[in-house]
Every structure is written in structure tokens, then in C-alpha cells.
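In the working numbering, the protein residues as written are 382 to 875.
Hints are supplied without guarantee of correctness; some may be wrong.
[Claimed, not checked] Listed next, the in silico SDA-like pairs over lysine to any residue satisfying Cα-Cα at most 20 Å (straight line): (1) Lys786 with Ala467; (2) Lys572 with Asn588; (3) Lys666 with Thr601; (4) Lys871 with Leu860; (5) Lys635 with His664; (6) Lys635 with Asn837; (7) Lys635 with Tyr685; (8) Lys871 with Phe468; (9) Lys635 with Leu860; (10) Lys786 with Pro494; (11) Lys635 with Gly838; (12) Lys786 with Ala827; (13) Lys572 with Phe649; (14) Lys786 with Gly459; (15) Lys572 with Ala582; (16) Lys635 with Val653; (17) Lys786 with Tyr406; (18) Lys786 with Phe473; (19) Lys635 with Ala582.
[Said to hold, decoys possible] Label-pair ranges, simulated between beta-carbon atoms: (20) Leu575 with Phe518: 53 to 61 Å; (21) Arg492 with Ser570: 33 to 41 Å; (22) Phe870 with Val585: 30 to 38 Å; (23) Arg740 with Ser425: 51 to 59 Å; (24) Val408 with Pro848: 22 to 30 Å; (25) Ala826 with Pro848: 22 to 30 Å; (26) His738 with Pro654: 30 to 38 Å; (27) Ala533 with Pro617: 39 to 47 Å.
Hints in this document: simulated from the structure, not taken from any laboratory.
All values derive from a computational prediction rather than experimental measurement.
All C-beta atoms, glycine included, are put in the ideal place defined by N, C-alpha and C.
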Amino acid sequence: MTQTLRRGAVAFALGAMGVLAFAPYRVYPLIVALVAGLAHLGVSAISWRQAFAIGYGFGLGYFLFGVSWVYISMHDFGGMPMPVAAFATLLFCAYLALFPAAAGAMLGSQRFPAAVRLTLLFPALWALGEYLRGWFFTGFPWLAVGYSQVPAGPLGHYAPILGIYGVSWLTVLCGALLALWYSTRRERSYKAPLALFALLAGGVAANQIHWTQPVGAPTTVSLLQGNIEQSMKWRPEAARDTLDTYLRMTLSAKSKLIILPETALPMFNVDVPQEYFRLLSEHAKSQGGDVLIGVPEYVSRDQYFNSVMSFGTAPRQVYRKYHLVPFGDYFPRWPVLTWIMDALQIPMSAFARGETHQRPIETGGQKVAINICYEDVFGEEIIRQLPAATMLANFTNDAWWGDSKASDQHMQISQMRARETGRYMLRATNTGVTAIIDERGGVRAASPQFVETTLNGSVQGFSGMTPFSHWGNAAFLVLAGILFAVALFKRRAL
């Protein structure tokens, strides 16, 4: 027991350091080294139970330090008492830690040779766990290890082929190869370092491939960051100031495409004065383009949507958010968590779900695939609007997370979506990070957080399809199945 606790504590420390691999720190090679440490601890465990505890310790440290900003949302803005919010955050992270624990348990299984556990089973199970984490309870795939590799890491260049979970698999595999290299160092075997070098060299080579091509002329764009304080955003007495802020910012923008963030107008569209929309529309027409506005869309008393609406030269178009966020867009009535839901006080928290398949909004000379807030976390849903879309746009309000790492982590997720699809991603946010991300996942321009500002730039549309845009996560899932089959064959061959 003492040995298990000691190893679990070391694993917890390794997991806690994992946050440094992601934005805003972006020490992307670190995650490979940390996974190597976890793999070494796990494969040398005396049983699968001890390996499970080691993996759980790593996962708990990883998520407690990586997504602790959930506490800010529940306590600072949701009004939840501090002890309750702290316990709910701990409970949430304890659940998330089960996924790396399951992968870690396989490292301690004595039914397979150590090399098979390290190179075939552990990386595939880890990435499969991330995939399942993105599906259970509507999904929370935040901090998938592959995000750390975008845009600078060579492993991130596999994203247009295998997507985020494929990049996670390769990242964990590199860590496992390091652990295998260390454990076989006395045998002077060069298989592990050669395989590691091949994976990194393959990423460099993959970066030379351009899966998509520029189409049409560049478009000028203005992304408006109103910096509306979250505590004031939904107060009726502050609504007029918010409307005035965005009207002033819009009329000052001189671009063909003007974008306001998620629920920029904090009231139903039918409650916004029609003169207000007319002024926005007339200004957009004077620029020869359109303005896209995040606004709650009222259909009936029992049906309203978190929507984006277009005004200007193009016919009126609407995108309705499909992938709703539990506790934000709606309150799911899960028996164990009902007390948490009742404690949060979030306006307009019963949004209806938009259609699964929606067309890009044709505006400003581009076809823009809209995604609202959390939707850009789900790459396989983003590609539904391809190949028609020439660029992507994320409308979000990350003010719920306060001055935390969440906004930077969210932008890195957007960078992965741009890399997967080979298209620009425009991020219009309330408090930041507002940014223009190019088709390679690089940040062309970004605004500072927590200031009222307009980010202006020129963006290029792209056509064509990356392999990931064609097959989504199917390629990774087939690959994982093959790896499991090979591992099983090797076990039977012993």
C-alpha cells in the first residue's frame, strides 16, 4: 500500500505539470516526457490495480490543475457556496481521472509483454478514453493531450489526417516509446528511438502537404470584443449600455465581414428594437458585406435558440447552436447532480437544440461554418459543413471562466479545428481571446483579454478536403481496433 501511495503521489505530480504543455504556456514537448514517466511507473507496477491507482493519480493531478477554472464558473458567477463549488470541482475531476486510470491499468496487466502494453495497448486505450470522454454525458474532451501539439509540435501536423484523437494517440505513443527505450537501455536496442524519430520525421513531412487551396479573393474582417462584464451581462438595467456598445463598435468597423460574439445582444431578437437591426444592416450594406450577430432567437415561449443571425447584403440567415452545454445552455436532470444544477443561476438556460446538419452562412463573399462556444470542441461535428464552407467562425463568451487558463486553452482548441480542416478560424469573443487563426493553426492576430477592442484583418477562404474532413474519427477508431487485434494476436502467439 505504501508503494502504491508513493507511486500515485509521483504520478499526481507528473499529471499536475501537464498543464504547462498547453496554452498559455505551450511547452508542448513536456507532455511526452510526463507520459513517459507515467508509462514507466505503470509498466513496472506489481499489478493492474496498482497501475490503475498510478493512472488515477496522474489523471487527478492533470485535471485538477488543468480544468480547475470550472470552480470559477460555479462559485464566482454561478453563486455556488465555496465549499460546495470546491467539492463539485473535485468530484468532476475525479470522474475525468477515471479515463487515464483505465489506460494506466493496462500497463500493469501481466497478460501481455511489456513492449505490447507500452506501444500497442496503452496509447490506443488512452486516446480511446479521450474519445469516449468526448461522448459520455454530452462530452467533455477538454485537454486531450493532442491539443498541446498545435500549432508548433511536429505531431500536430498529423491533425489533417487523423484528427485530435489520432494526434493524442501519437503523442502518448511517443511517451511510451521513451519509456520503452529507458527500460531496454541495457539491451542496446534501437527500435524504440528509431520509431520515435520516424514519428517525428513523419510529422515534419506531413506539414509539407497542403490539403486545401485558397479560393476567391481575401475578405476584410472585424471581430468585435465588447468586454461586457459577466456579472452585468444579463442584468436588464445594463442591456441598453450593451446595445450601445456594440452599435458604436459596429458602426466604426470598416470591414466587409463584421462579427459580434455569442449572445452579444443579451435579449431575445424580438425584443431588440427593429431600428437597431436596421442601423446594423445599413452599415453592413455600406461596406458591401454583412454583420453576424450572436443573439438569443425567440420562436415560442417553450422554444428559443442560441443563434447567430446575419444582416446586410446577403439574405437573412440563421445558425442555431446544435451541441448544447450542460449547465450553460440547459440543465440536464441527472439525479446525482441535480443539487448542483439548482444552485447555479444562469439566465436563458433552456435553449432548444438546432438542426444536426446546417448550411454555412453565405456572407461577406465567404461561406462561413458557424460554431458557437463549446461546439468547436467537437471536430467531427465541425466537418458537417464541409466542403461547402470556405472558413470557420467561433462565437463564444468565455467570461464565465474569469481570468483563468480556460480562454487560452479554448483558443488552442480552435487552432486544432483550423488544422484539421485546412481553413481559417475566426474567433469573436466577449472578453477574449478574440483571434484570427490561419489554415495551418497559426494565430495571425489576437486581441488582449478583458479590453474593449476591435480586431481587424484580412482572411482567405479555402476549398478542398483534408483526409480528416472526409472520414472524421473513423480512421482513428479503425486504427485503434487494428492495434488491439495485433496485441491480442501477439498474446496468443506466446
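Here's how the hints hold up against the structure:
1. Lys786 with Ala467: holds, 17 Å
2. Lys572 with Asn588: violated, 25 Å
3. Lys666 with Thr601: holds, 14 Å
4. Lys871 with Leu860: holds, 17 Å
5. Lys635 with His664: Holds: lysine 635 and histidine 664 sit about 9 Å apart, inside 20 Å.
6. Lys635 with Asn837: Measuring from Cα to Cα gives roughly 9 Å; hence the hint holds.
7. Lys635 with Tyr685: violated, 32 Å
8. Lys871 with Phe468: violated, 44 Å
9. Lys635 with Leu860: violated, 48 Å
10. Lys786 with Pro494: Distance ~40 Å between lysine 786 and proline 494 Cα, so the pair is violated.
11. Lys635 with Gly838: holds, 11 Å
12. Lys786 with Ala827: holds, 16 Å
13. Lys572 with Phe649: violated, 62 Å
14. Lys786 with Gly459: holds, 18 Å
15. Lys572 with Ala582: holds, 15 Å
16. Lys635 with Val653: violated, 23 Å
17. Lys786 with Tyr406: Distance ~9 Å between lysine 786 and tyrosine 406 Cα, so the pair holds.
18. Lys786 with Phe473: Holds, at roughly 17 Å.
19. Lys635 with Ala582: Cα-Cα ~44 Å, so violated.
20. Leu575 with Phe518: 53 to 61 Å: violated, 41 Å
21. Arg492 with Ser570: 33 to 41 Å: violated, 23 Å
22. Phe870 with Val585: 30 to 38 Å: Given about 32 Å between the Cβ atoms, the range holds.
23. Arg740 with Ser425: 51 to 59 Å: holds, 54 Å
24. Val408 with Pro848: 22 to 30 Å: Holds - the Cβ-Cβ distance for valine 408 and proline 848, about 29 Å, lies within 22 to 30 Å.
25. Ala826 with Pro848: 22 to 30 Å: holds, 29 Å
26. His738 with Pro654: 30 to 38 Å: holds, 33 Å
27. Ala533 with Pro617: 39 to 47 Å: holds, 45 Å
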